[in-house]
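Undergrad: So the protein sequences, as listed, match chains A and B.
For what it's worth, the working numbering labels the leading residue of the first sequence as 1, then goes sequentially.
For what it's worth, the working numbering labels the leading residue of the second sequence as 1, then goes sequentially.
Keep in mind the hints are simulated off the structure, nothing from the lab.
Hints should not be assumed to be uniformly reliable.
[Stated by the list, open to error] The calculated EDC-like cross-link candidates involving lysine to aspartate or glutamate, where the alpha carbons are at most 20 angstroms apart (straight line), are: (1) 148(A) - 59(B); (2) 267(B) - 75(A); (3) 89(A) - 77(A); (4) 178(B) - 147(A); (5) 171(A) - 65(A); (6) 178(B) - 75(A); (7) 216(B) - 257(B); (8) 171(A) - 57(A); (9) 73(A) - 156(A); (10) 267(B) - 156(A); (11) 178(B) - 127(A); (12) 61(A) - 50(A); (13) 73(A) - 127(A); (14) 328(B) - 288(B); (15) 371(B) - 347(B); (16) 171(A) - 50(A); (17) 89(A) - 72(A); (18) 267(B) - 301(B); (19) 267(B) - 72(A); (20) 148(A) - 72(A); (21) 371(B) - 415(B).
[As the list claims (entries may be wrong)] Okay, the calculated beta carbon distance ranges per label pair: (22) 180(B) - 81(A): 29 to 39 angstroms; (23) 180(B) - 64(A): 14 to 24 angstroms; (24) 136(A) - 312(B): 45 to 55 angstroms; (25) 73(A) - 415(B): 28 to 38 angstroms; (26) 96(A) - 193(B): 30 to 40 angstroms.
Ideal Cβ positions, reconstructed from N, Cα and C, are used throughout, including at glycine.
This is what each chain is made of:
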Amino acid sequence: MRKTFTLALIAALLATGACSRKPAAVVTTPPPATTATAPTTSEDDVGLVELPGSQADLIAKAGTDTIHFATDKSDVDVPSRTILAAQAKWMMANPAVRASIEGHADERGTREYNMALGERRANAARDFLVAQGVPSARLLVTSWGKEKPLAVGSDETAWAQNRREVTVVVK
Amino acid sequence: MKHIALLAVLLTSAATAQDAPPPLEVNVVGGTNAVTAIAVPAMPTAADAPAGLGRQVAEVIASDLRSTGLFTPLGPDGIGTYARDAASSPAYATWRSAGAAQLVAGYVEANGPDRVTIACYIHDVAAGRELTHQGFTVAATDWRRAAHKCADTVYSRLSGETGFLDTRVVYVAETGPKNNRTKRIAIMDSDGSNHRYLTLGDATVTTPRFSPTGDKLVYMTASGRRPRVMLMDVASGTTHSLIPGLVLTFAPRFSPDGRNVVFSMAKNGRTAIFTIPTAGGTPRRLTDSVGADTSPSYSPDGSRIAFESDRGGTQQLYVMNADGSNQKRISFGGGRYASPMWSPRGDLIAFTKIAGNFRIGIMSPSGGGEKILTDAWQDEEPSWAPNGRFVMFNRIRQGASGQTSLYAVDINGGDPRRLPTPQDGSDPSWSPLQR
């Protein structure tokens with residue numbers, strides 16, 4: 001059974017890969033083939049394919065793909081607004097791509113609360129990008145909670161780096 | 001083949017023995033358990049059974065009894081064995097002089113080509129009488145389960161508690177550096193044996209939780225950058241997404257009848273609690289606050305749900321009716337409170353208390369009688385044993401290693417005991433007692 005499932009997943013991923021090579025205009029259309037052949041994984045397959053070249057360009061133009069937050073807070077501070085405004089400008093100059101707006105928390109919170117906190121941070125960044133003119137349909141909000149720390153220390157310096165929102169360019 | 005058949009003939013006489021009032025050999029004084037010395041010699045093994053199996057059975061029983069914190073097992077190493085006939089009529093004076101207050105005796109024999117029977121006798125050595133006996137017939141490959149059943153019989157008879165040793169644990173096995181963890185759902189017997197992985201490690205997974213019958217799991221997976229609640233059939237490993245649509249869902253737990261799953265959904269900066277039929281359907285909203293409502297856990301009768309919310313400014317514990325009505329805060333002890341889990345006995349709620357460090361504690365469902373059970377840098381994710389006497393949790397070590405391990409603590413006191421896992425472990429869930 002496991003093998004069958006894995007094969008279905010691979011098939012779904014291949015189908016998604018095929019879609020991603022189509023012109024950008026069709027990307028927002030959900031690929032019907034994956035829904036039909038692999039219903040259990042179709043919700044992955046909305047075209048969230050990372051674009052390393054575009055990501056590097058976003059970082060080059062906007063300065064960074066990341067903003068940071070205070071402990072247990074989701075307020076977007078003034079330096080972060082400057083960064084997000086530059087990201088919004090880049091998003092509007094690159095209408096073919098979407099962005100996964102991904103919130104993170106530091107390790108000093110419980111796992112499930114941190115999922116909620118990460119979503120709250122990502123949502124705050126998304127709201128700012130939308131206010132700057134980026135169509136909300138191009139922004140997908142998600143949370144990693146404390147699952148993906150950048151810095152490995154257990155001190156305020158490390159935690160400050162891990163309390164963040166990352167704008168990930170996707171197709 | 002997983003089911004254990006009780007020997008009818010042994011059951012009949014065991015029922016008679018169990019009519020006696022529960023003995024009080026195990027004393028609980030001031031929260032500290034008095035420890036009973038119990039002899040667990042190697043069981044005689046009939047010629048038709050695998051050689052040495054009686055010793056292995058005794059080793060499992062001794063290990064199980066030690067893990068309860070209520071017993072100091074003597075043997076099977078270092079003490080003698082006995083003839084099969086002596087399982088029911090031991091030489092009490094011999095065991096008395098060995099320093100034992102109790103004795104677990106028995107024997108192992110074949111029962112057809114692929115099955116074995118393990119007989120389990122419990123004796124009060126000091127009083128010189130048998131307390132109870134039971135027999136367990138299992139597939140030969142499942143002999144460890146019969147040993148766990150025997151240990152549960154001992155534990156239950158001598159402590160007055162329901163057994164909890166013939167159980168499994170599902171948890172998240174973690175490998176790799178702290179900033180690039182591979183996480184896989186793993187399952188094992190509660191003594192660490194029969195360990196296997198249920199997911200491949202290609203997607204981040206968290207918080208696996210057993211269904212009330214132990215045959216299904218709900219958990220969160222973040223494959224495709226989309227964290228959401230999944231359902232898994234344990235035996236086949238097949239999985240499917242439980243919640244329709246592109247929504248961020250997490251913190252799943254089954255209702256006590258297994259028909260519903262309660263979970264959190266995050267949207268537009270708010271996290272609320274919903275339920276959905278396990279068979280699929282439309283999510284039903286239970287909470288609607290401006291904050292983060294998460295970590296829901298049903299009461300064992302299914303009538304209420306404990307959860308945490310930061311609607312008042314900080315994470316605190318709340319209880320509501322199962323339909324979402326009558327939401328009331330129950331934690332007022334200072335600091336933050338998180339990840340409540342309602343005891344299977346219904347009388348307590350375990351939680352994580354955040355006041356500087358993270359500690360595991362218990363309180364009544366009305367918020368009284370708060371008691372902190374652990375003291376370390378970061379303990380979290382409490383999960384009850386099915387008998388409501390122990391709480392398992394994960395302990396995270398401070399620093400760059402990210403090391404995390406599973407521990408269990410007796411709510412009556414004592415030091416937490418570490419559960420051995422092949423790699424780091426987090427997010428434990430204790431199965432119901434197996435049938």
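Undergrad: Each hint should be assessed against the structure and marked as holding or not.
TA: Going through the hints against the structure:
no.	hint	result
1	148(A) - 59(B)	violated (41 angstroms)
2	267(B) - 75(A)	holds (17 angstroms)
3	89(A) - 77(A)	holds (18 angstroms)
4	178(B) - 147(A)	holds (9 angstroms)
5	171(A) - 65(A)	holds (16 angstroms)
6	178(B) - 75(A)	violated (27 angstroms)
7	216(B) - 257(B)	holds (13 angstroms)
8	171(A) - 57(A)	holds (15 angstroms)
9	73(A) - 156(A)	holds (15 angstroms)
10	267(B) - 156(A)	violated (29 angstroms)
11	178(B) - 127(A)	violated (31 angstroms)
12	61(A) - 50(A)	holds (18 angstroms)
13	73(A) - 127(A)	holds (15 angstroms)
14	328(B) - 288(B)	holds (14 angstroms)
15	371(B) - 347(B)	holds (13 angstroms)
16	171(A) - 50(A)	holds (7 angstroms)
17	89(A) - 72(A)	violated (28 angstroms)
18	267(B) - 301(B)	violated (30 angstroms)
19	267(B) - 72(A)	holds (18 angstroms)
20	148(A) - 72(A)	holds (17 angstroms)
21	371(B) - 415(B)	holds (14 angstroms)
22	180(B) - 81(A): 29 to 39 angstroms	holds (31 angstroms)
23	180(B) - 64(A): 14 to 24 angstroms	holds (21 angstroms)
24	136(A) - 312(B): 45 to 55 angstroms	violated (30 angstroms)
25	73(A) - 415(B): 28 to 38 angstroms	holds (37 angstroms)
26	96(A) - 193(B): 30 to 40 angstroms	violated (54 angstroms)
Checked against the numbered hints given earlier, this structure breaks hints 1, 6, 10, 11, 17, 18, 24, 26; the rest are met.
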